[in-house]
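Once you've looked at the hints, dock chain G against the given chain X.
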Amino acid sequence: MSVFGFFDWLAATPASIAVHESRYLYLIVLTVHVMTLCVFVGMAVLLNLRLMGMTLLRVPISELSERLLPWIVAGFSVMVISGALLFFAAPLDKYANLFFRAKMGLLVFAGINVWVFYTTVYRRVGEWDLDPVPPVGARLAGGVSLVLWAAIITAGRMIPYQAYWFD
Amino acid sequence: MSLLEFFHWLEYLPLLVEMRSSAWLFPVIATFHLFGLSVIGGVVLIVDLRLMGYGLTRQPAVQLARDTEPLLLGGLLIMLVTGLFLFLCFATKYYYLTAFWVKLAALFLVLLFTFTIRRRVLTTAGLKTRAIRDRLVATISLALWISVALGGRLIGFP
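Protein chains in written order, with my numbering: chain X, 1 to 167; chain G, 1 to 158.
Any given hint could turn out to be false.
[What the hints assert, rightly or not] Each pair of labels, with its calculated beta carbon distance range: (1) G:LEU3 - X:LEU92: 42 to 52 angstroms; (2) X:HIS20 - G:ALA131: 45 to 55 angstroms; (3) X:VAL19 - G:THR124: 30 to 40 angstroms; (4) G:GLN63 - X:VAL136: 35 to 45 angstroms; (5) X:GLN162 - G:LEU77: 43 to 53 angstroms; (6) X:LEU92 - G:ARG130: 22 to 32 angstroms; (7) G:HIS8 - X:LEU130: 28 to 38 angstroms; (8) G:GLY74 - X:PHE76: 39 to 49 angstroms; (9) X:ALA18 - G:LEU127: 48 to 58 angstroms; (10) X:VAL78 - G:GLU69: 22 to 32 angstroms; (11) X:ARG23 - G:LEU104: 32 to 42 angstroms.
Hints are computed from structural coordinates only; laboratory data are not their basis. Bear in mind the structure is a predicted one, so any value in this text is a computation, not a measurement. For each residue, glycine too, the CB sits at the ideal point set by N, CA and C.
Here chain X stands alone, though its shape is the one from the complex (with noise of 0.2 angstroms):
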């Protein structure tokens, strides 16, 4: 089955059209992936900027890491929750969305360098610890963060748009 076939599929499940026609859970779910950036993004942004030297520069990096992580974690996952309810409820629609698959491009992007700057930079974190400004990796890599996740944040925002523009 191609993936255009898989989606076509899901769009038809009862529990799809469900979400979808719903007076209200769609709107709900909308809110609650919306109101969570506040947690995941607020926190991966303060974060970043420690990471950058720009803020809360008494705050020893690791602590910070691990304090906020629980918090990242679990934003990010009602994140992934909620935004794989609304693709759910119109899976063909976020197919054929531009916005919505730059968005899921750019995700991978992010993933990709959380992934290497924990393997990587913050292996040695001991020792830049409590620097002000931390090593250009680490710079780098909290910069790097903070544009993809605005991008991140533009793609999403731009969805409901692809239908006035180029349709």
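Positioned in the frame of chain X, the structure of chain G alone reads:
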């Protein structure tokens, strides 16, 4: 001139008519409004969670609040400027929306609370004897901010 007439006058200023004729300006401003939401959300959360005994518990709450105050003020500035333009684009529609007036009231209350009571409480936060007071202040702060955000989300609903 009534308030509705004033909103109508604002909405049809030449600049606003020009702005509405652009297909991409409104969503771009709305996107920057979300950037501001993320920054304010993060800053408010780490301080209020700290007051409740979660998150960065090894740091004094007052230090976290002082260090992140430029971010809070920067986020607020982005929110107020972009929010003003979002309002001006459809001022008369918002006049009739209860959610808009609830949001404005909650915003006024939370700004007042943040820069008076919460700021004063932060200077003596973290003492064992003040734990209940600290939690109460954090709860009120979060409840008011959530009201502002929910009001904003409701404004955009069909």
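Checklist line | Violating hint indices (sorted, rising) | finding: 3, 4, 5, 6, 7, 8 and 11
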